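Once you've looked at the hints, dock chains E and Z against the given chain A.
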Amino acid sequence: MDDLINKLKVEIIEVLNLEDLDLDDIETDAPLFNEGLGLDSIDALELIVLMEKEYGIKIDDPKKGKEIFYSVKTMAEFITKNQ
Amino acid sequence: MMNGFSNNYIISRFAIIRKGRVECNEGVFDFPDEDDGAKFLKSIYKQLKIDYPKFYKMDRLCKLAFLTADYLFKDKNLLKKYQPEEVAMLFANYNSYIDIDIKHNTSIANKDKYFPKPAVFVYTLPNIMLGELSIRHLLRGENVFFISEKFDTSFIFDYTVNLLDTTRHKACVIGWVDYMEKDFESALFFIENASKNKQGLLLTEENLDRKFNTFV
Amino acid sequence: MGNSYIAGDNIITSLGFSTIENFQNLLKGNTGIKVGLYPYLYPEKFPASLVNKDFVRENAIELKIDKDYTLFEQLLILSITDSLRDISINVKSPETLIILSTTKGNIDLLSNNPKGFADHRVHLWSSAYEIGKYFKTAHTPLVVSNACISGVVALNTADRLIKQGKFENVIIAGCDVLSEFIVSGFQSFLSLSKDVCQPFDKDRSGLSLGEGAATVILTSDKTKAKKPFIQIESGSGSNDANHISGPSRTGEGLYIAINDVLKGSKEIDYISAHGTATPFNDDMESIALDRHKLNNIPVNSYKGYIGHTMGAAGVIESIFCFESMRNNMLINSYGFENPGTVKEINVINKTESAQLKTILKTASGFGGSNAAILFRKMND
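Protein chains in written order, with our numbering: chain A, 1 to 83; chain E, 1001 to 1216; chain Z, 2001 to 2380.
To be clear, the hints were calculated from the coordinates, so they are not data collected in a lab.
Because the structure is a prediction, the values reported are computed rather than measured.
Just so you know, nobody snuck in bad clues.
Once the Cα atoms are required to be at most 20 Å apart in a straight line, the calculated EDC-like pairs of lysine to aspartate or glutamate come out as: (1) Z:K2202 to Z:D2290; (2) Z:K2045 to A:D61; (3) E:K1054 to A:E14.
Simulated restraints, written as ranges between beta carbons of each label pair: (4) A:D25 to E:R1021: 29 to 37 Å; (5) Z:N2090 to E:I1050: 48 to 56 Å; (6) E:T1106 to Z:G2116: 16 to 24 Å; (7) Z:K2092 to E:G1020: 41 to 49 Å; (8) A:N6 to E:E1026: 40 to 48 Å.
Even glycine gets a Cβ: it sits at the ideal position worked out from N, Cα and C.
With the rest of the complex left out, here is chain A (with noise of 0.2 Å):
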């Protein structure tokens, strides 16, 4: 689980555009939207096109995205479970 949370945050980093950011800024824990990173809907959507494109798991509906990028620890867990 810890490899697959560092390989999120580089790839958050990555894919948002946190150029500023390294892995240690990202608290596996802390939300990343409204408070935290403070990322709005278009990174939630960005997510959802990481999420296919390096796990294979798509996101139909954006309402979902809330519970599963609620922090890097509940990405892990969402793709853990559906992989």
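Showing chains E and Z alone in chain A's frame:
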């Protein structure tokens, strides 16, 4: 030389980024790495000591507009005189944003690796830069974006004067922001009533043209 | 300050090649949106409103514009040509200007260029140059590219130029053609509906894309105006300053734009809203209308009939407003069944006659852009 029927307006501030240099009311600033657009924009961002994480999400065209506007609005008192809805933006460019169009097009070219990105697609509209500037500086005036081969000084001058004469707007940002591969240039001008600012260049077609062509 | 009058118009969409043909279909309650597989646009089925390409080809051959112009340019030429028919506006006069309104123009040339057009033809100013050359205009046409509010902005710009006395006539022509480029982009936003879109409805799930072209001819010369006289009263715009792809939750920009054109007046007979049928847009519009206490004014969206035609939308839908005034008919908001916006608004659910004198048209788009324009029918 006076043009148009009304000339109570001045170009109170300007900011131009071209050929590795920035020129604004405060002077001329040189930046290395002018050949590498991304590095160039990043070094300006760092130099201005801006803390705006969303900067990194922007495509280069918007980054260019954003940075030029930060020079334009270096004088924090400038916008304090106006309500957000009183400041209009009148922009134009040549390329729309062809670089990002190509990027989006490439992402859909391979049917086996078909992953169009919303963060790319949203920037394929040239007026998005107006959105970014509106958010950053809280500008709620009218936006118009034209596509033309050249900066049409005569038309822009006329349109701006008419806008300020006949609508709710009391100030206007005129802009030409263009980016294509290694070529980029941006020129922003803040136009307001002469009574609001004792300093500044009288807004005439000739002055606007001359200012636009600074170190071309 | 003079006045600007409508002298002529044309619409080309899935519903036909003239204003009258299009409006007749609205009266009959026919939608031009069809769910289908359009492989040249997208690998899966989706709803789209597409222009009859065979008909375009036939007409293009007739006008000898089949070889040297793209589909986008052909639609513009056909639309402008039709709008000029039977009216005495001289397109070549220095008193006449053309303004084009489009979001992506010839963008499809990036991946589909069978006629081998030069690279620069992908640029909007290049299309403007070609259109100007075709009609032998005295001035190079202007191009407005302002996301989905382009059409309303172009009309507003034209109105101001006429009232300023810069031109006697301005021809506003809007067009956008669907392409893989555009469809894939909207798909990445997960903003497309699965079936025909349902503006303002509680079950709305997204927008349906459409393509088309439309032309409005504005003139300061009342003797050249079409009867009944329809004027542009005023127009305005405002940016939400909130988010680049999501509308303001308080409808800030739209509120300001409407405020500017109405100036406190509530004497509107009908509102032609943007109504894309995305959850956020329709809610935002209802909020802006509610803030203005316009909840009871009949409102509709035309996007259930012809889809979201992007750069052409503001022009096409404004002409539908003119036709509504000419026929004194309120058109049913196709796709709407049950109210579903956060603020209550009066969505038209039946096509019926009504005295229409003043119409408010609104539009909103990416980049936080919003525009509003007021049309008035004058007595002869």
